[in-house]
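Novice: Each chain, written out:
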Amino acid sequence: MIILNKMISFYYREYKLNLSGFQDILTNIIFFFVSIFIFIFSIGPDKETISSIGIGIVWTLLLLSSTLSLRKFYQDDFENGNLLIMHLNGFSFGFITILKTFSHFIFVQLPFLLSIPIASILLNIANDKVIYLFSSFIIGSFILSCLGSISSSMNLMNQRNFLLGSVIVMIFSVPIIIFSVGIVNIEENFNSLISILFGVLLIVFAINPWASGLCLKLALENN
Amino acid sequence: MKFLVNPGNFNKFADYVFLPVLISSIILFSIGLIFAFYLSPDDYQQGSTVRIMYVHVPSAWLALLTYAIMTLYSIAGLAFRIPFGFIINTAVAPIGAVFTLICIISGSLWGKPMWGTWWVWDARLTSVAILFIIYLIIIFMNLSFENRIVREKVVAIFVLVGSINLPIVKFSVDWWNTLHQPATISKLSKPSIDPSMMIPLIIMTFAFIMVGLVIAILRIKTEIISRKSNLI
Numbered sequence: 236m237i238i239l240n241k242m243i244s245f246y247y248r249e250y251k252l253n254l255s256g257f258q259d260i261l262t263n264i265i266f267f268f269v270s271i272f273i274f275i276f277s278i279g280p281d282k283e284t285i286s287s288i289g290i291g292i293v294w295t296l297l298l299l300s301s302t303l304s305l306r307k308f309y310q311d312d313f314e315n316g317n318l319l320i321m322h323l324n325g326f327s328f329g330f331i332t333i334l335k336t337f338s339h340f341i342f343v344q345l346p347f348l349l350s351i352p353i354a355s356i357l358l359n360i361a362n363d364k365v366i367y368l369f370s371s372f373i374i375g376s377f378i379l380s381c382l383g384s385i386s387s388s389m390n391l392m393n394q395r396n397f398l399l400g401s402v403i404v405m406i407f408s409v410p411i412i413i414f415s416v417g418i419v420n421i422e423e424n425f426n427s428l429i430s431i432l433f434g435v436l437l438i439v440f441a442i443n444p445w446a447s448g449l450c451l452k453l454a455l456e457n458n
Numbered sequence: 003m004k005f006l007v008n009p010g011n012f013n014k015f016a017d018y019v020f021l022p023v024l025i026s027s028i029i030l031f032s033i034g035l036i037f038a039f040y041l042s043p044d045d046y047q048q049g050s051t052v053r054i055m056y057v058h059v060p061s062a063w064l065a066l067l068t069y070a071i072m073t074l075y076s077i078a079g080l081a082f083r084i085p086f087g088f089i090i091n092t093a094v095a096p097i098g099a100v101f102t103l104i105c106i107i108s109g110s111l112w113g114k115p116m117w118g119t120w121w122v123w124d125a126r127l128t129s130v131a132i133l134f135i136i137y138l139i140i141i142f143m144n145l146s147f148e149n150r151i152v153r154e155k156v157v158a159i160f161v162l163v164g165s166i167n168l169p170i171v172k173f174s175v176d177w178w179n180t181l182h183q184p185a186t187i188s189k190l191s192k193p194s195i196d197p198s199m200m201i202p203l204i205i206m207t208f209a210f211i212m213v214g215l216v217i218a219i220l221r222i223k224t225e226i227i228s229r230k231s232n233l234i
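Line order of the protein sequences matches chains A and B.
So the first sequence is numbered by my numbering: it starts at 236 and just counts up by one.
So the second sequence is numbered by my numbering: it starts at 3 and just counts up by one.
Next up, chain A with everything else stripped away, as it sits in the complex:
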């Protein structure tokens, strides 16, 4: 019961923090739309071309704009000592990473869900494909949160080269891009592809607390 109270207060704190820093999330979404404009200007306003590559553009830009906010994943809590306080309050490092991953999924990735319909209007994507895009996005963005947790915890002590964190997320997100774009483009394969995507989610979710918990422990020990 005590641990439940602690979890509730953890999420209340995350909610407060994200509400006060809401302009950061909005900046991510604005980055997403501005990149769509740039894509369309560079390709040309031909409707056929845009609708044939629209899904790929949406997924690429979602990936890029979710890697923008990786720096804030653990860094703030690490620098002001909150990670240590959470650990002293009885959360193991693995459990902290699970909680932070869910909070990143809820407060950073889910706002993109609202921007997908607008983007699909701009990119001329057919209405029936938007549902597939939604379902692939919900699973795929959780995988992106787990990968972001792994890479940003690895780079906590890395003072020189933080861009490495984004590269790590992008290199491991290749299967996600393949399967989630495949879901939308090959509709009769929906069940099999979404099962594969869900399998990738389970693998990454199993690796995440182990890898990033160990990295958090290392960073706190050697700080």
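No lab work stands behind these hints: they were computed from the structure.
Treat the hints with care, as some may be off.
What the hints assert, rightly or not - Here are the simulated DMTMM-like cross-link-like pairs (lysine to aspartate or glutamate), alpha carbons at most 25 Å apart as the crow flies:
| hint | chain 1 | residue 1 | chain 2 | residue 2 |
| --- | --- | --- | --- | --- |
| 1 | A | Lys307 | B | Glu148 |
| 2 | A | Lys307 | A | Glu249 |
| 3 | B | Lys230 | B | Asp17 |
| 4 | A | Lys364 | A | Glu456 |
| 5 | A | Lys452 | B | Asp17 |
| 6 | B | Lys230 | A | Glu456 |
To be verified - Away from chain B, derived, C-beta distances all over 10 Å, residues of chain A:
| hint | residue |
| --- | --- |
| 7 | Met242 |
| 8 | Arg248 |
| 9 | Pro280 |
| 10 | Ser338 |
| 11 | Pro346 |
| 12 | Ile385 |
| 13 | Gln394 |
| 14 | Phe407 |
| 15 | Glu423 |
Even glycine gets a Cβ: it sits at the ideal position worked out from N, Cα and C.
Chain B: place on chain A using the hints.
Specialist: For chain B alone, coordinates are given in the frame of chain A:
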């Protein structure tokens, strides 16, 4: 077998074994190149371009083998607290990156006359490119951390996470329909390659292994010395 886990024993063993390995690498390389260029037959379809295989296939095998060795040593370093595993990780990563690069370049030189393009977005080619980028990330991580203890453990964790890619590289030709041909030698049944091409391939593979060993011994000894004197 203590030289596999103990730096001091490795140094003694390396002093003993370095000169034979160097000489045998030179001999094997010259014999293998003579076999590959003059004594092996042309392919009936591919003509003389099949000789690229004698560089392409051994380097691909060694790229995978190097990553597998790094994975094993990362497990040893993290789980059994053997610091020699981290030394191996740091020393061996650039060798694997170079083998992967040789594999990619020779493959695209072979692909241009046979397939008509330098590069296709095929499962095997893409996964090998990802392997190359993973090697590069490992090298950059080794360069960018300041604290040595954090660096070596984080790199070992990254090597373990990235080892997901190894079975994908190996089995990509069986799982997907690729332009790259499926395995002809490293499969369970009898290899479907003629002995006249198999012999130079095996000689070249051993030559590549010996060259890799020479560079690895030098790099591991340098790493041990620099750790002893606290340079890093």
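Novice: Run every hint past the structure and note whether it holds.
Specialist: These are the hints, each one checked on the structure:
no., hint, verdict
1, A:Lys307 x B:Glu148, "holds, 21 Å"
2, A:Lys307 x A:Glu249, "holds, 12 Å"
3, B:Lys230 x B:Asp17, "holds, 18 Å"
4, A:Lys364 x A:Glu456, "violated, 48 Å"
5, A:Lys452 x B:Asp17, "violated, 39 Å"
6, B:Lys230 x A:Glu456, "holds, 23 Å"
7, Met242, "holds, 26 Å"
8, Arg248, "holds, 27 Å"
9, Pro280, "holds, 27 Å"
10, Ser338, "holds, 22 Å"
11, Pro346, "holds, 28 Å"
12, Ile385, "violated, 7 Å"
13, Gln394, "violated, 6 Å"
14, Phe407, "violated, 8 Å"
15, Glu423, "holds, 18 Å"
Figure legend: structure checked against the earlier numbered hints; hints not met, in rising order: 4, 5, 12, 13, 14.
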